[in-house]
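S.K.: Residue numbers (full-length UniProt numbering): 1 to 229.
Just so you know, the hints here were simulated from the structure itself, not pulled from any lab data.
Keep in mind that a hint or two might mislead.
Simulated restraints, written as ranges between beta carbons of each label pair [to be verified]:
(1) T178 <-> F209: 16 to 26 Å
(2) L173 <-> A203: 38 to 48 Å
(3) Q97 <-> L135: 45 to 55 Å
In silico EDC-like pairs for lysine to aspartate or glutamate, Cα to Cα no more than 20 Å straight-line [as the list claims (entries may be wrong)]:
(4) K73 <-> E93
(5) K78 <-> E56
(6) K78 <-> E63
(7) K60 <-> E93
(8) K73 <-> E56
(9) K60 <-> E49
Glycine included, C-beta positions come from ideal geometry on N, C-alpha and C.
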Amino acid sequence: MSEQMVVYVDRLMQPVPLPPVLPEVVDSEAPEPCGIREEEEDSVVWWRECRICQEESAIKNLESPCACNGSLKYAHRKCVQRWCNEKGNTICEICHQPYQAGYTSPPPPLQSDETTIDIGGGWTISGLDLDHPHLLAIEEAERQILDLEYDDYTEPDTSLAAFFRISALILFLLRAATFLLPCYIMVSAIGILHRRRERQEAAALVSQFALVLSSRQPRAMVNYMSMEP
Numbered sequence: 001m002s003e004q005m006v007v008y009v010d011r012l013m014q015p016v017p018l019p020p021v022l023p024e025v026v027d028s029e030a031p032e033p034c035g036i037r038e039e040e041e042d043s044v045v046w047w048r049e050c051r052i053c054q055e056e057s058a059i060k061n062l063e064s065p066c067a068c069n070g071s072l073k074y075a076h077r078k079c080v081q082r083w084c085n086e087k088g089n090t091i092c093e094i095c096h097q098p099y100q101a102g103y104t105s106p107p108p109p110l111q112s113d114e115t116t117i118d119i120g121g122g123w124t125i126s127g128l129d130l131d132h133p134h135l136l137a138i139e140e141a142e143r144q145i146l147d148l149e150y151d152d153y154t155e156p157d158t159s160l161a162a163f164f165r166i167s168a169l170i171l172f173l174l175r176a177a178t179f180l181l182p183c184y185i186m187v188s189a190i191g192i193l194h195r196r197r198e199r200q201e202a203a204a205l206v207s208q209f210a211l212v213l214s215s216r217q218p219r220a221m222v223n224y225m226s227m228e229p
């Protein structure tokens with residue numbers, strides 16, 4: 001147990017005992033063993049991320065195909081080869097250096113020099129005569145086929161338009177008939193009543209005229225008989 005003495009100017013104080021130090025605290029403050037720290041450093045150092053597929057893997061399973069450093073240094077060989085096959089070359093697009101360790105790329109597609117197209121003026125195809133009668137006949141046949149197909153498409157359209165026009169006309173006539181038919185019935189009824197009234201009035205006049213004639217006939221006969229000697 002250690003003791004501590006505090007000295008003041010005017011007087012001297014008694015030593016104050018310090019609390020005992022527990023062994024657990026001493027063990028917790030002790031430095032970590034070097035082996036554990038080295039294992040952690042090894043686990044950090046020997047695992048890297050593939051720059052293409054973004055998957056972590058051991059460095060022994062990765063390669064550095066080009067001059068890139070840092071997080072872009074390592075990649076799986078199959079990932080690099082697949083990328084070379086897709087883009088068609090073995091040049092790194094970051095450092096612009098060719099890939100090492102025997103990476104290959106597919107050959108470029110073959111380009112035929114027999115057919116050339118000039119779009120500066122008119123369309124010309126070398127080795128092909130566009131004015132050949134056989135080609136002109138094929139073009140005319142294709143044009144006729146397209147015209148027939150266009151006519152087949154337009155005929156249903158015209159018939160459908162005519163059908164809609166006729167339907168609209170019929171609906172208009174039906175709507176007009178719902179208004180005109182009652183008016184026609186009313187006018188016909190009024191005309192019938194008017195003609196019946198005229199016939200009745202004519203019959204009444206005829207009957208009155210007949211009564212007048214019948215009432216005058218006896219008087220004429222009496223006057224005639226009185227005039228005889």
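S.K.: Does each hint hold? Answer for all of them.
M.R.: Hints and how they fare:
| no. | hint | verdict |
| --- | --- | --- |
| 1 | T178 <-> F209: 16 to 26 Å | violated, 48 Å |
| 2 | L173 <-> A203: 38 to 48 Å | holds, 42 Å |
| 3 | Q97 <-> L135: 45 to 55 Å | holds, 52 Å |
| 4 | K73 <-> E93 | holds, 13 Å |
| 5 | K78 <-> E56 | holds, 14 Å |
| 6 | K78 <-> E63 | holds, 10 Å |
| 7 | K60 <-> E93 | violated, 24 Å |
| 8 | K73 <-> E56 | holds, 13 Å |
| 9 | K60 <-> E49 | holds, 12 Å |
When the structure is compared with the earlier hints, violations turn up for hints 1 and 7 and for no others.
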